[in-house]
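Letter by letter, the chains look like this.
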Amino acid sequence: MSVWRLMLREILHRKLNFGLGVLSVAVAIACLVGAQALLQADRVITQHILADRQAEVETAVAVRQAEVEKAGAELKDAMRKHMKGLGFNVLILPEGQDLSELHLDGSLSATMPEHYVTQLAESKIVTVNHLLPSVTRRIHWDEQDMDIILVGTRGEVPIMHRALKKPLLDAVAPGNMVVGYEVHHKLGLNEGDKVTLMGQEFTVSTLHPQRGSQDDTTVWIDLAQAQELLELENLIHAILALECDCAGDRISVIREEIAGILPGTQVIERYSQALARAEARGYAKKSAEEALQREKQAGQELLDQTAGSREEIEMRHAGLASVLVPLVIGASALLIALLSYVNARQRREEIGILRAIGLQARQIMLVFLSKAVVMGLIGGVLGAVLGLGVLAFGGSGISLPVPVSEVIRSSPVMTALLTAVVLAPVLTSLASWLPGLIATRQDPAVVLQGD
Amino acid sequence: MLELTNVAKTYHGASGPVQAVNGVSVTLEPSQFVAVQGPSGCGKSTLLLMAGGLMHPDQGTVRVSDVDPYSLPPDKRATFRGERIGFVFQQFHLVPYLSVLDNVLAAALATGTSSDSAVSERARQLVDQFGLSHRMHHVPNSLSSGERQRTALARALLNEPSHLLADEPTGNLDRENAEIVLNAFSDFASAGGTVLLVTHDDHAASRAQTSLTMRDGKLDQTTKSSVATR
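For the record, the sequence lines run as chains A and B.
Number 82 in the working numbering belongs to position 85 of the first sequence; there are no gaps in the numbering.
For the working numbering, add 272 to where a residue sits in the second sequence, where the first one is 1.
Some clues are possibly wrong.
Distance condition first, Cα-Cα at most 25 Å in a straight line; then the derived SDA-like pairs of lysine to any residue [stated by the list, open to error]: (1) Lys348(B) to Ile435(A); (2) Lys348(B) to Arg359(A); (3) Lys12(A) to Leu415(B); (4) Lys348(B) to Val0(A); (5) Lys283(A) to Val58(A); (6) Lys348(B) to Val58(A); (7) Lys348(B) to Ile265(A); (8) Lys121(A) to Ile265(A); (9) Lys348(B) to Lys121(A); (10) Lys490(B) to Val290(B); (11) Lys348(B) to Arg438(A).
To give an idea of the chain B side of the interface with chain A (calculated C-beta under 8 Å), a few residues [as the list claims (entries may be wrong)]: (12) Pro311; (13) Gly313; (14) Ser317; (15) Leu321; (16) Ser337; (17) Val339; (18) Ala350; (19) Arg353; (20) Phe361; (21) Asp374; (22) Ala378; (23) Ala379; (24) Ala380; (25) Ala382; (26) Ser386; (27) Ser387.
I should point out that these hints are in silico values taken from the structure, not numbers from a laboratory.
In this text, a Cβ means the ideal position worked out from N, Cα and C, and glycines have one as well.
Extracted from the complex, chain A is given alone in its bound form:
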């Protein structure tokens, strides 16, 4: 015989009282655990929704980025081709060259050493490409009695530190002549025709189509022959080049770099169409980047909006739980206290006789509290099972994207379960304390006087 046996026998004797107590605890704990489990399920759903959204946004951005890169590459290629068609747009001239002469006559008179082009090509220059030394002079073609611009060129000088690029303008072989549209159109020239220029015979090798520029009145011959005809051996008038895609004030950057390599020269930029297209290219690139940025921003906004919306739902649920759970636990504690009090009243006679035959107050209290602890433990376990059952059976209703076990194993739910195991016996003990105290203070004489 022991206090524990006394307690267990009493539980078995008053099953309804004990069962109602267990049920009260189970409801309270089920509410606590169920609420935590559902809140955790909420969080899991949120994480999955956000992960899906994130993946969608990243995919959309990646697709857009690929599109932009492809469009950019196409644009770059197109621009390269256009730029090539437009020819050179940078002229490196001797410092003393009067630009009015160039603009008015299309001719140049100031010269610089031909080796400048080699010097430039062997430097680490980065701001220009396609270096083409030339002599250019407006002359009267006596044999044909017409004014032309005579250009002597030897072909592009490759820049040593760069990969060899396809030249914008091919060299003109000695003895050959390339003729602009106005010239060959007026003279009725055909490829293969023999013509004489300044006493030297040339074969027309190429006839240019109409370009609508100074090129239409230009005749190109080999540089060395031109230098000889114009008495400019080892001298050139200009180095033509194609600018790179420099950021900001391009011409200043080019001038600064070339001045460092070829002091005593000047640099001018020509052909505004080419510049406009280069700028358009830059603008297109910038627009594409901005579009990409907008796509990312829109994606982020969508993510933020989704996260905010989910957070609001979670907070609403948490708010509801924060009111409901304490309410249920409080009601449960009250019910347990009432049940304990009823139990104490029911046991008035037996407690009286137990006190009369010598049991101490603490032993009577121990009977009450041990029963409360057993009630709490059984109710706690039952409540935890019920609470998790809500999630298990309700999981399909809330479209839980992960196995229920994953939610149950999560830290908040495990904490709730541990809390339940501790809380339930504490709750029942506290609720039974006062009725137990009343029972221990009961005067056994009053009970026995019933006789």
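With chain A's structure known, arrange chain B on it following the hints.
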């Protein structure tokens, strides 16, 4: 020895104070079996409760085996009761969900000996002694009145008390069972214990060595003279 000196008790009810016991003095020596008779409401049950350390008298002193139980703190007094005094009541007061054996053993909870094998053996012996072996594992509801009172008697004797206090123990019993109970009281007294029996039953009182009559809260005569009254 059980010694009550000038004890008094007044109840304060809605209809005013009622003096249940009024200055009673009586001494019961070991081996004495004393009966107290009197009409209902004369104060004899109150006297028994005060003697048993269950009700603090308004005045006077109680000494059980030379100890004033009311000078002890409540828990020590409870233990003292468990060790020194056995109670038997008309309504049996058994714990309804415990078996006969467990009800008997419940008395050992007071002395902390409930798990001792010697105590368990003594409990079985008492159960056997009072003819309850076949009912050992039955709960009180399934017992007859006589069996319940015998169970209560076994419980009262388990801790080998020096005093046995009984309040109308034969009131609900047939003659045969009443004899068993009264014989047990006699045997207890013969073995050196002190018995205080409160009863209406003349036959039960006749089994005592000494019979006292109580009226209006006072002991007014003795039918047998071997008890000291003052």
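Here is what the structure says about each hint:
1. Lys348(B) to Ile435(A): 19 Å, holds
2. Lys348(B) to Arg359(A): 12 Å, holds
3. Lys12(A) to Leu415(B): Holds. Lys12(A) to Leu415(B) sits at ~22 Å (cutoff 25 Å).
4. Lys348(B) to Val0(A): Distance of about 18 Å is within 25 Å: holds.
5. Lys283(A) to Val58(A): Holds, because 16 Å separates the two Cα atoms, which is no more than 25 Å.
6. Lys348(B) to Val58(A): Not OK: Lys348(B) and Val58(A) at ~84 Å, beyond 25 Å, violated.
7. Lys348(B) to Ile265(A): Given pair Lys348(B), Ile265(A) is violated - Cα atoms ~117 Å apart, limit 25 Å.
8. Lys121(A) to Ile265(A): 20 Å, holds
9. Lys348(B) to Lys121(A): With a Cα-Cα distance of about 108 Å, the restraint between Lys348(B) and Lys121(A) is violated, given a limit of 25 Å.
10. Lys490(B) to Val290(B): Roughly 13 Å between the alpha carbons, so the hint for Lys490(B) and Val290(B) holds.
11. Lys348(B) to Arg438(A): 15 Å, holds
12. Pro311: Pro311(B) check fails; min Cβ-Cβ to chain A is 15 Å, beyond 8 Å.
13. Gly313: Since the shortest Cβ distance to chain A is 12 Å, the answer is violated.
14. Ser317: 7 Å, holds
15. Leu321: Holds. Min distance 5 Å.
16. Ser337: 15 Å, violated
17. Val339: 14 Å, violated
18. Ala350: Holds. Min distance 5 Å.
19. Arg353: Interface hint status for Arg353(B): holds (5 Å vs cutoff 8 Å).
20. Phe361: With a closest approach of 5 Å, the Phe361(B) hint holds.
21. Asp374: Since the shortest Cβ distance to chain A is 5 Å, the answer is holds.
22. Ala378: Result: holds, 6 Å to nearest chain A Cβ.
23. Ala379: Result: holds, 5 Å to nearest chain A Cβ.
24. Ala380: 6 Å, holds
25. Ala382: Since chain A brings a Cβ to about 3 Å from Ala382(B), closer than 8 Å, the hint holds.
26. Ser386: Given a least distance of 4 Å, the restraint on Ser386(B) holds.
27. Ser387: OK, holds: Ser387(B) within 8 Å of chain A, min 6 Å.
Hints 6, 7, 9, 12, 13, 16 and 17 from the list above are not met by this structure, while the remaining hints are.
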